[in-house]
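Asks: Residues per chain, in single letters:
Number of protein chains: 2
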Amino acid sequence: MAKPLILVSNDDGISSKGIRTLIDIMKEIGEVVVVAPDGPQSGMGHAITVGNTLRLEETDIFGDIKAYECSGTPADCVKIAKHFVLKNRIPDLVVSGINHGSNTSISVLYSGTMSAAIEGALEGYPAIGFSLCDYSSDADFSHVKSYIRKIVMNTLEKGLPSGVALNVNIPPKRNENIKGIKICRQANAKWHEDFDQRYDPNGRRYFWMAGNFVNHDKGEDNDEWAIGNNYVSVVPCQYDLTAHHAMAQLNKEWDI
Amino acid sequence: MAKPLILVSNDDGISSKGIRTLIDIMKEIGEVVVVAPDGPQSGMGHAITVGNTLRLEETDIFGDIKAYECSGTPADCVKIAKHFVLKNRIPDLVVSGINHGSNTSISVLYSGTMSAAIEGALEGYPAIGFSLCDYSSDADFSHVKSYIRKIVMNTLEKGLPSGVALNVNIPPKRNENIKGIKICRQANAKWHEDFDQRYDPNGRRYFWMAGNFVNHDKGEDNDEWAIGNNYVSVVPCQYDLTAHHAMAQLNKEWDI
Numbered sequence: 001m002a003k004p005l006i007l008v009s010n011d012d013g014i015s016s017k018g019i020r021t022l023i024d025i026m027k028e029i030g031e032v033v034v035v036a037p038d039g040p041q042s043g044m045g046h047a048i049t050v051g052n053t054l055r056l057e058e059t060d061i062f063g064d065i066k067a068y069e070c071s072g073t074p075a076d077c078v079k080i081a082k083h084f085v086l087k088n089r090i091p092d093l094v095v096s097g098i099n100h101g102s103n104t105s106i107s108v109l110y111s112g113t114m115s116a117a118i119e120g121a122l123e124g125y126p127a128i129g130f131s132l133c134d135y136s137s138d139a140d141f142s143h144v145k146s147y148i149r150k151i152v153m154n155t156l157e158k159g160l161p162s163g164v165a166l167n168v169n170i171p172p173k174r175n176e177n178i179k180g181i182k183i184c185r186q187a188n189a190k191w192h193e194d195f196d197q198r199y200d201p202n203g204r205r206y207f208w209m210a211g212n213f214v215n216h217d218k219g220e221d222n223d224e225w226a227i228g229n230n231y232v233s234v235v236p237c238q239y240d241l242t243a244h245h246a247m248a249q250l251n252k253e254w255d256i
Numbered sequence: 257m258a259k260p261l262i263l264v265s266n267d268d269g270i271s272s273k274g275i276r277t278l279i280d281i282m283k284e285i286g287e288v289v290v291v292a293p294d295g296p297q298s299g300m301g302h303a304i305t306v307g308n309t310l311r312l313e314e315t316d317i318f319g320d321i322k323a324y325e326c327s328g329t330p331a332d333c334v335k336i337a338k339h340f341v342l343k344n345r346i347p348d349l350v351v352s353g354i355n356h357g358s359n360t361s362i363s364v365l366y367s368g369t370m371s372a373a374i375e376g377a378l379e380g381y382p383a384i385g386f387s388l389c390d391y392s393s394d395a396d397f398s399h400v401k402s403y404i405r406k407i408v409m410n411t412l413e414k415g416l417p418s419g420v421a422l423n424v425n426i427p428p429k430r431n432e433n434i435k436g437i438k439i440c441r442q443a444n445a446k447w448h449e450d451f452d453q454r455y456d457p458n459g460r461r462y463f464w465m466a467g468n469f470v471n472h473d474k475g476e477d478n479d480e481w482a483i484g485n486n487y488v489s490v491v492p493c494q495y496d497l498t499a500h501h502a503m504a505q506l507n508k509e510w511d512i
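Protein chains in written order, with the numbering used here: chain A, 1 to 256; chain B, 257 to 512.
Read the hints as simulated data drawn from the structure, not as lab findings. Treat the numbers as computed from the prediction; the structure is a model and nothing was measured. Keep in mind that the hints are not guaranteed to be accurate.
Restricting the straight-line Cα-Cα distance to at most 25 Å, the calculated cross-link-like pairs of lysine to any residue (SDA-like) are [said to hold, decoys possible]:
hint, chain 1, residue 1, chain 2, residue 2
1, A, K182, B, D496
2, A, K179, B, K508
3, B, K438, A, M247
4, B, K414, A, H245
5, B, K414, A, M247
6, B, K438, B, Y487
7, A, K218, B, G380
8, A, K3, A, I90
9, A, K252, B, K406
10, A, K145, B, W510
11, B, K283, B, S271
12, B, K322, A, R205
13, B, K438, B, G475
14, A, K17, B, V306
15, B, K343, A, D196
16, B, K508, A, I29
17, B, K438, A, N251
18, A, K27, B, D511
19, A, K158, B, D511
20, A, K145, A, I61
21, B, K474, A, A248
22, A, K179, B, Q505
23, A, K252, B, R405
24, A, K252, B, K438
25, A, K17, B, G307
26, B, K508, A, E220
27, B, K435, B, E476
28, B, K429, A, D255
29, A, K179, B, W510
30, A, K190, B, L342
31, B, K446, A, F84
Pulled from the structure, derived: some chain A residues nowhere near chain B, Cβ distances all over 12 Å [what the hints assert, rightly or not]:
hint, residue
32, K66
33, S142
34, R174
Stretch-level coverage of chain B by chain A, calculated; a stretch enters the list once three of its residues show a Cβ under 8 Å from a Cβ in chain A [to be verified]:
hint, region
35, 309–318
36, 330–342
37, 408–422
38, 503–511
Ideal Cβ positions, reconstructed from N, Cα and C, are used throughout, including at glycine.
Work out the full structure, taking the sequences as your base and the hints as a guide.
Replies: Dropping the structure here:
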């Protein structure tokens, strides 16, 4: 089998430790091409750049590996990679991350890391977003390799169901004894925001958003439970948002 | 019954014609509070402002109606509305739009309009995003009122299934004889991007993203079919992205 072609992106920016770790693992598996944001794009959700221009510049920061930094969002990176970098070559895999911080549960909606993966899935490519549940910029990634490798090899060998991207979260290094990999559903949890009100030197009010993550889910089959119990969580995510069960209810109850 | 409390937001910005139209319809139904972006936020998906500050300023552009413009994304607007504007009051409904342009099918992922609605649903509020399938900034909204009113009254009277927000698209005015309202699933269609490469006055390359919408869906139960056949489409959308059907497949096939 020819070496698989692997497109790598992220949302923390091309100079983050997480993407370097991911590239190091991927280059042992296949031919790596990197297209990643030129700066942090955390919390960008599935944003794309529609009313503004995009920049794309080649960089040698990863040595021999073909790499580009892009001024846009993670979803932009995958789109422009397809058109201007890969051109007629079809990637065997799109990977995004490793994110510095958890993307379990509802955080998947806000996650730039996962938007790159979902954008890959939209194009029909097998795609995975990886996150380490440790927010520090110099987080210890030394324990992630075997889990990422196992998930990637399974994906390359067996493919993924159509219309699905994987959301993978990995417990932090400080949690000893990772017990294994669990296929999970998205936990029913949410962010409870708080806004810190301040005044600038001109006396004008501004805010910083802060938030606490609150888990309402009592199940043991979800990603929050998995991380809390030292498993690597794998949630298959779809981009068909239709609540099919709700269609029958609306058709029955509504007077239209 | 007391007048329902209705929170209004959008992604085209507080001065757009679409939000003015929506406010005019809502103020006949309930007490309206507006928190909307201070400028265009199209294509922002479910982005939130995490590494930057937010501004929130009261404005009298809608006369007696309590209104605020916010420097953040549509999702930010709903979050800050909950904390700083509504405080302990619980809205009976969150509406977003009316977007200048279609948000059918996969566009729901990129849509700032729908992210405000989904953010409302996350908070447990009934929530609806409205879009007019006409991209012009001075689009004709004169035909939308009866459809929006009917959808809002059904929602207020019957509620929505838990974890669901509605994605409503309305055919443009130029399509005569709207046939009614259809509950739909999200069409299986996608954007085929194109990047227009240009050079700035300093000789540096930049890009504009453009795209063509291509419908791969042959069904007659989806939102693209509905709009193409002059129906108002209503897609119930969920924020649990888990592809439940894929969990069994991965558990069976994967060697973990």
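Asks: Provide an ascending list of the numbers of those earlier hints which the structure does not satisfy.
Replies: Structure breaks no hint.
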